[in-house]
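Undergrad: Heads up: the protein sequence lines correspond to chains A and B, in order. 1 is the number of the first residue of the first sequence in the working numbering; add one for each residue after it. 1 is the number of the first residue of the second sequence in the working numbering; add one for each residue after it.
In case anyone wonders, no lab produced these hints; they're calculated from the structure. Warning: the hint list may mix true and false statements.
As the list claims (entries may be wrong) - What the simulated footprint calls covered on chain B by chain A, stretch by stretch (three residues with Cβ under 8 Å from a Cβ of chain A suffice, anywhere in the stretch; the number is not a length): (1) 10–20; (2) 67–75.
Stated by the list, open to error - Pairs of lysine-lysine residues, derived as DSS-like cross-links and limited to a Cα-Cα distance of at most 27 Å, are as follows: (3) B/Lys56 / A/Lys17; (4) B/Lys71 / A/Lys17; (5) A/Lys44 / A/Lys17; (6) B/Lys68 / A/Lys44; (7) A/Lys38 / A/Lys17; (8) A/Lys44 / B/Lys71; (9) B/Lys68 / A/Lys38; (10) B/Lys68 / B/Lys56; (11) B/Lys42 / B/Lys108; (12) B/Lys71 / B/Lys56.
Beta carbons: idealized from backbone N, C-alpha and C, even for Gly.
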Amino acid sequence: DAMVIQNPRYQVTQFGKPVTLSCSQTLNHNVMYWYQQKSSQAPKLLFHYYDKDFNNEADTPDNFQSRRPNTSFCFLDIRSPGLGDAAMYLCATSRLQGGTEAFFGQGTRLTVV
Amino acid sequence: GESVGLHLPTLSVQEGDNSIINCAYSNSASDYFIWYKQESGKGPQFIIDIRSNMDKRQGQRVTVLLNKTVKHLSLQIAATQPGDSAVYFCAEELNDMRFGAGTRLTVKP
Numbered sequence: 001d002a003m004v005i006q007n008p009r010y011q012v013t014q015f016g017k018p019v020t021l022s023c024s025q026t027l028n029h030n031v032m033y034w035y036q037q038k039s040s041q042a043p044k045l046l047f048h049y050y051d052k053d054f055n056n057e058a059d060t061p062d063n064f065q066s067r068r069p070n071t072s073f074c075f076l077d078i079r080s081p082g083l084g085d086a087a088m089y090l091c092a093t094s095r096l097q098g099g100t101e102a103f104f105g106q107g108t109r110l111t112v113v
Numbered sequence: 001g002e003s004v005g006l007h008l009p010t011l012s013v014q015e016g017d018n019s020i021i022n023c024a025y026s027n028s029a030s031d032y033f034i035w036y037k038q039e040s041g042k043g044p045q046f047i048i049d050i051r052s053n054m055d056k057r058q059g060q061r062v063t064v065l066l067n068k069t070v071k072h073l074s075l076q077i078a079a080t081q082p083g084d085s086a087v088y089f090c091a092e093e094l095n096d097m098r099f100g101a102g103t104r105l106t107v108k109p
């Protein structure tokens with residue numbers, strides 16, 4: 001049974017058109033992460049939440065925002081997608097902030113046309 | 001800033017041989033490390049972890065070694081199988097989780 005669910009698996013959006021990716025978890029974990037992964041590269045941390053505390057990476061573009069309305073759900077909003085934002089977006093959860101493994105969803109493959 | 005990195009981008013082994021995948025980290029404060037396996041089109045999957053107060057940890061067919069003196073982490077896979085073909089990432093977790101560059105393992109029949 002999937003524990004971290006990302007929807008949709010594949011998303012095509014137009015250049016400049018806002019898009020939202022979603023992630024839900026059934027693990028009741030406190031920490032949720034969003035990563036961007038481009039082809040043949042490692043996942044790059046965009047931001048993470050510890051409960052409601054939001055932590056933004058310094059090099060995450062302003063174009064990317066996140067919301068976590070409750071423990072189970074987290075959203076990645078891309079306000080004006082550019083061609084360079086095409087990537088796999090991975091959501092992960094962890095029980096604690098540090099010292100525990102993270103569980104990943106299957107990712108959302110974003111294409112920008 | 002400090003980050004986790006890998007020595008080799010690709011590794012090709014014969015089925016049945018042992019594989020060793022290496023990782024270097026630079027943050028001496030890191031206290032928890034994880035190896036993940038990622039198959040094409042899927043999210044990373046946990047393989048094994050190790051805390052900084054340990055030097056070695058074994059799982060089923062996998063062993064992780066941690067050398068804090070030289071800030072080096074390795075993943076050993078015994079009797080490598082075709083199903084082990086994937087990209088392997090080490091990750092460092094302190095207050096968040098960061099990945100190294102990854103090694104693509106190819107197992108030849």
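Undergrad: For every hint, state whether the structure bears it out.
TA: Here is how each hint holds up against the structure:
no. : hint               : verdict
1   : 10–20              : violated (count 0)
2   : 67–75              : violated (count 0)
3   : B/Lys56 / A/Lys17  : 49 Å, violated
4   : B/Lys71 / A/Lys17  : 44 Å, violated
5   : A/Lys44 / A/Lys17  : 23 Å, holds
6   : B/Lys68 / A/Lys44  : 24 Å, holds
7   : A/Lys38 / A/Lys17  : 20 Å, holds
8   : A/Lys44 / B/Lys71  : 21 Å, holds
9   : B/Lys68 / A/Lys38  : 30 Å, violated
10  : B/Lys68 / B/Lys56  : 11 Å, holds
11  : B/Lys42 / B/Lys108 : 22 Å, holds
12  : B/Lys71 / B/Lys56  : 14 Å, holds
Of the numbered hints given earlier, the model fails hints 1, 2, 3, 4, 9; all others are met.
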